[in-house]
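*Asks:* Can you make the complete structure from the sequences, with help from the hints?
One line per chain: the protein sequences are A and B, in this order. Counting from 1, one number per residue, gives the positions in the first sequence under the numbering used here. Counting from 1, one number per residue, gives the positions in the second sequence under the numbering used here.
The hints are simulated quantities; they were obtained by calculation from the structure and are not laboratory data. Treat each hint with caution, since some may be false.
Unchecked claim - Straight-line Cα separation of at most 35 Å, DSBU-like style, residue types lysine-lysine; simulated pairs:
| id | chain 1 | residue 1 | chain 2 | residue 2 |
| --- | --- | --- | --- | --- |
| 1 | B | K47 | B | K178 |
| 2 | B | K178 | A | K200 |
| 3 | A | K200 | A | K183 |
| 4 | A | K169 | A | K38 |
| 5 | B | K47 | A | K183 |
| 6 | A | K38 | B | K47 |
| 7 | A | K169 | B | K47 |
| 8 | A | K38 | A | K200 |
| 9 | B | K178 | B | K195 |
| 10 | B | K195 | A | K183 |
| 11 | A | K169 | A | K200 |
| 12 | A | K183 | A | K38 |
| 13 | B | K195 | B | K47 |
| 14 | A | K183 | A | K169 |
| 15 | A | K200 | B | K47 |
| 16 | A | K183 | B | K178 |
Unchecked claim - Cβ-to-Cβ under 10 Å is the rule here; a few derived chain B residues that face chain A:
| id | residue |
| --- | --- |
| 17 | V25 |
| 18 | F37 |
| 19 | T46 |
| 20 | E50 |
| 21 | A53 |
| 22 | V58 |
| 23 | D61 |
| 24 | S63 |
| 25 | Q67 |
| 26 | D120 |
| 27 | N121 |
| 28 | A123 |
| 29 | F162 |
| 30 | D192 |
| 31 | W193 |
Beta carbons are placed, not taken as given, at the ideal position from N, Cα and C, and that holds for glycine.
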Amino acid sequence: MRSQVYEWDAGRDTAASATSTGSALSIFIGGRGNNITKPAETTATQFVVIEDIGITPTAYHGATGSSGTYRGLRHDTAAECSGPRAYIQVRINTTDYFLDPDNIGNDGIPGSAAPYPRSVFFQPSFNLYPDVYVLPGQTWDVLVTHYSASGFAASTASAAAGEMQAFVKYTLYDGPDALIANKLLEMGVSVNPGNVDWYKRTLISGASAAPLA
Amino acid sequence: MRSQVYEWSNVGGNSTRRTAGDAGVGTVASGVDLDIFIGGQGNNITKPAETTATQFVVIEDVSCSPQLAGALQIRINTTDYFQNPDVTDQAGIPGLASPYPRGAQNASTTSFTPDTSTDDNTALLASFNLYPDVYVLPGQTWTVLYRPISAAVAATDGVAAFVKYTLYDGPDALIANKLLEMGVTVNPNNVDWYKRTLIEQQSAAAMAATAAAANGGGQ
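*Replies:* Listed below in structure tokens is the structure:
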């Protein structure tokens with residue numbers, strides 16, 4: 001099992017811009033920012049546990065009338081806030097994880113609740129618990145929706161490096177650890193490194209006790 | 001069971017969904033409760049929030065912008081959760097006690113203009129933790145109300161509110177109800193614990209049946 005992270009920056013490679021506002025953008029293969037070569041999927045011997053997500057926050061305040069910055073976030077002068085108004089959603093196969101209270105899929109976690117990077121001025125209100133499990137053979141994705149291109153460099157309305165970033169922390173269980181993760185899931189036990197190690201110790205204790213019996 | 005959030009802001013004025021290039025902000029009257037789900041200002045949802053017969057909701061956190069002395073109230077059916085000591089109505093949890101975002105600037109009674117504010121380096125932390133959690137039982141309607149106390153939210157003030165809750169559905173909702181009957185706190189750990197207990201009981205029953213069969217079908 002290995003702790004893994006993925007960081008996406010809308011300003012790298014083909015930068016996100018005004019044309020991408022309002023639409024859900026895959027941080028893996030969305031064609032904006034840094035991407036990977038193929039969709040994220042687990043093989044038959046892999047099990048992924050997504051433990052944390054975060055995205056650039058937004059600050060809400062009074063009218064500014066200027067195109068400056070507030071706490072490192074560029075003003076959206078039209079909407080009385082600073083930052084990209086960005087949200088981050090997890091999708092497993094074709095199902096969005098986060099829903100509105102009317103049971104309709106929403107944009108996901110707001111950056112103001114799960115900020116990346118965290119700072120004194122932007123601390124998390126949200127903790128992804130219970131974790132999100134990606135079972136063997138499933139495809140998963142993380143989608144970013146942003147509504148304010150004014151939150152980017154005013155002259156180009158394209159994201160500069162660092163203006164909108166997303167972060168995913170997950171643990172990859174592979175080989176026998178993935179089998180144990182599946183077993184824990186069947187047992188109703190949370191899948192985390194501590195419990196996987198506990199299950200291994202239980203198996204070893206059982207195997208050691210058998211010859212003695 | 002799934003961790004869920006809902007964020008409301010008055011940015012965009014009055015639209016059910018956020019849209020690209022939202023401009024302007026909705027106004028909210030001082031001292032008046034605004035339903036952040038279906039209140040007609042800012043982003044809304046399509047119908048009142050309610051749990052079906054196979055859903056159980058646990059509200060774990062609420063917070064809002066601290067400026068204008070904003071506060072958040074939870075309402076289950078027609079009952080407000082937060083009350084004054086004399087059991088009269090109150091606005092709810094102040095944004096100063098539960099700020100959104102955490103680390104927001106201290107602008108307790110007024111709006112603020114970032115470029116000119118002298119309090120730019122203040123960062124509010126949470127004084128309030130919603131514990132015990134608030135349960136929304138199957139079949140109940142719930143909502144969250146935002147109220148600016150010191151002044152109306154003007155058309156130049158951006159404000160936001162945030163709700164964190166866990167949705168238990170299907171068998172998890174049945175287990176949540178069972179835990180509630182038992183007086184056990186409903187949280188993901190306890191739901192998993194109850195599942196494990198059920199599995200252990202089933203395994204023990206199966207082993208007992210096997211042992212009985214091996215002994216000739218019992219005495």
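*Asks:* Any hints from earlier that this structure breaks? Give me their numbers in increasing order, please.
*Replies:* 5, 6, 15, 21 and 22
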